[in-house]
Amino acid sequence: MRATRLAPLALTLLLALGLTACGDDSTTEPEAGTSETPSATSSPTESTSEGESASPDDSTQSPEPSRPTIEITFDGDTVDPNGERVEVPMGEEIDLVITADRPGELHVHSTPEQEVAYEAGTSTHSLVIDQPGVVEVESHDPALVVVQLEVR
Amino acid sequence: MGGNPTGDLLAHGIGGAKDLPIPLELAIAGAVAALVVSFTVLAVAWRSPRYDAATSGRPAPAWLDRLTSSTPWRVVLRAVGFAFFLYVAAAAVFGQDTLVNPFLGVFYVLLWVGLVPASVLLGPVWKALSPSRTINAVLARVSGTDPEVGMYAYPERLGYWPAAVGLYAFVWLELVYPHSTEIGPVRLWCAVYLGVMLIGGALFGNRFFERADPFEVYSSLVAKLSVWGHRDGRLVLRSPLANLDTVPVAPGLVGVVAVLFGSTAYDSFKEASPWVRFVQTTSIPSGLIDNVALLVFCVGVGVIFAAGAMATGVGPGTRRSTLPDLFAHSIVPIIVGYIIAHYLTYLVEYGQTTLVQLSDPFSRGDDYLGTADLAVNYWLSFHPDFLARLKVGAVVVGHVLGVIAAHDRAVRILPRRHQLTGQLSLLVAMVFFTVGGLYLLFAA
Chain P
0 MRATRLAPLA LTLLLALGLT ACGDDSTTEP EAGTSETPSA TSSPTESTSE GESASPDDST
60 QSPEPSRPTI EITFDGDTVD PNGERVEVPM GEEIDLVITA DRPGELHVHS TPEQEVAYEA
120 GTSTHSLVID QPGVVEVESH DPALVVVQLE VR
Chain E
0 MGGNPTGDLL AHGIGGAKDL PIPLELAIAG AVAALVVSFT VLAVAWRSPR YDAATSGRPA
60 PAWLDRLTSS TPWRVVLRAV GFAFFLYVAA AAVFGQDTLV NPFLGVFYVL LWVGLVPASV
120 LLGPVWKALS PSRTINAVLA RVSGTDPEVG MYAYPERLGY WPAAVGLYAF VWLELVYPHS
180 TEIGPVRLWC AVYLGVMLIG GALFGNRFFE RADPFEVYSS LVAKLSVWGH RDGRLVLRSP
240 LANLDTVPVA PGLVGVVAVL FGSTAYDSFK EASPWVRFVQ TTSIPSGLID NVALLVFCVG
300 VGVIFAAGAM ATGVGPGTRR STLPDLFAHS IVPIIVGYII AHYLTYLVEY GQTTLVQLSD
360 PFSRGDDYLG TADLAVNYWL SFHPDFLARL KVGAVVVGHV LGVIAAHDRA VRILPRRHQL
420 TGQLSLLVAM VFFTVGGLYL LFAA
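Protein sequences appear in the order of chains P and E.
Here the first sequence is numbered in numbering that gives the first Met the number 0, starting from 0 and rising by one per residue.
Here the second sequence is numbered in numbering that gives the first Met the number 0, starting from 0 and rising by one per residue.
Honestly, the hints are just simulated from the structure, not real lab data.
Computed from a prediction, not measured in an experiment: that's the story for all the values here.
Don't be surprised by glycine CBs; every beta carbon is placed ideally from N, CA and C.
Among the clues, some could well be false.
Listing some non-contacts, in silico: residues in chain E with all C-beta distances to chain P over 12 Å [what the hints assert, rightly or not]:
#, residue
1, 17
2, 302
3, 309
4, 364
5, 443
To spell it out: a stretch of chain P is covered by chain E in this simulated footprint if at least three of its residues, at any positions, have a beta carbon under 8 Å from a beta carbon of chain E; those stretches are [to be verified]:
#, stretch
6, 65 to 73
7, 76 to 86
8, 121 to 127
9, 143 to 151
The following block holds chain P by itself, in its conformation from the complex (with noise of 0.2 Å):
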């Protein structure tokens, strides 16, 4: 008897909890930055490697600065961003600006995966990302795991 009691208790905070879930997606962690201006754009190379970005063809930048832009900078064996979360659109171009001491590659771990190979210097890649997830970009030469994408 105390058993069937308790059944329906137990019921009702599972529909209770089902409520209570409906009202989220509006969620904002305080720690992941905006999907505009992306924790990563704090690196200190960062008035040159805008300035040099702009050469390739993002002519379209201007009327369009909303584009998601994360900053990478190799030096020796560390490199910044270093492991933060930052939050991108999914579907949406993100570009990926890379400044290098030496050419390499970031894996990134997506589904399905893809592949960024990248020069000495300062170049701009674009990325697309079709699925939501956390996604890991990873470079392998130093062996870092670069900057993880919160992609919604």
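Using the hints, position chain E against chain P.
Coordinates of chain E only, in the frame set by chain P:
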């Protein structure tokens, strides 16, 4: 290892994108629900034990009992299991060392994760399919001995500890070892596993597999949440809670559940951005950090659980040190709920990928099984809100079942005046696991 610029592959598991974190409100709602249910169970649930292995369960239909206990049925299952084992072993030995070799997907996804839903639905599947049991049975038949008994009796005080060690060896390979996605090391792990199983089976008979085969112990433990049970040799249908109460208690059971829960929590934790940043900036070698962290998670879960179970008054006939193993079964639903939350997308989506890869075991463009052209369905990944609710629901349901299982065990074995207060510390440990799991789903 990870920090030096040797160009080595990073320890990135198989599979692409990970799940998005669950929304904060949902994590809080789940935590509150778990908390409220816990204390409600304590306050209003029954005061005399309800579950008894000797009487619980309704007899299954006679034809089903006859079928599942018949020799042809068992032989067919063994043959199917062994054929699949040989097929995958061929891919492991003759296939190419690439990520599309189905061996990796079968080992890490179909076996390790698929074992859980298969056992919850169908009962102890690994026991029925296990290639080591099959080889042991064939060898026994050839030599005219009984596979049930070996040369020696299995030392009962070892209990489940060998399985706990084996499970730890698996999660170490999967989560810590930097070359976990290369065929060679995984194949070596499997060969050592099979060798140990065959020697153990010859020495101690089938009892060894029941206590020491990590996959069989895991599968048979989770199968106690299914409706399928046996009483006096007959197939019976039980409620999952009544079935869970029939988990055979032996030393080391707490070690098994600690490795299972601790390693899954560590898997969530190691993806968290602050942890990644810490590992990549500290001067401590990352191989050392990963090893220590996995050990801390597993031992930590075991210690917290054991402390929670032991912090009670006991009757004159009960030794306090036996309590953690006596209560360890109650963590199984919490493990299953968290495994569902943590691995569901991985199982559904990478499981399909593995099915596609299985048609081409040697990476030559073959289509042996006709699955090579299947398109993987990513519906789950595209519905993160639904997925998040499902995950929190699984964690909370697992928690509720765990609390009820622990309550029933407490009213059976604790003296009457300690039955309520004696449960409090264990309840706190369970709430900690559930809230911690939800936090990791939110933050990692």
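Against the structure, the hints come out as follows:
1. The Cβ of residue 17(E) sits about 4 Å from the closest Cβ of chain P, inside the 12 Å cut-off, so the non-interface label is violated.
2. In this structure residue 302(E) is separated from chain P by more than 12 Å, as the shortest Cβ-Cβ distance comes to about 30 Å.
3. Remark: the non-interface label on residue 309(E) is consistent with the geometry, its nearest Cβ contact in chain P lying 27 Å away (cut-off 12 Å).
4. Residue placement check: residue 364(E) keeps its beta carbon more than 12 Å from all beta carbons of chain P (closest about 18 Å).
5. In this structure residue 443(E) is not separated from chain P by more than 12 Å, as the shortest Cβ-Cβ distance comes to only about 9 Å.
6. Counting residues of the stretch 65 to 73 of chain P whose beta carbon lies closer than 8 Å to any beta carbon of chain E gives 0, which falls short of the minimum of three for the stated coverage.
7. A stretch counts as covered by a chain when three or more of its residues have a beta carbon under 8 Å from one of that chain; for the stretch 76 to 86 of chain P and chain E the count is 5, and the coverage holds.
8. Given a C-beta distance limit of less than 8 Å, the hint that chain E covers the stretch 121 to 127 of chain P is violated, as 0 residues qualify and 3 are needed.
9. Look at the stretch 143 to 151 of chain P against chain E: 6 of its residues bring a Cβ nearer than 8 Å to a Cβ of that chain, three or more, so the hint holds.
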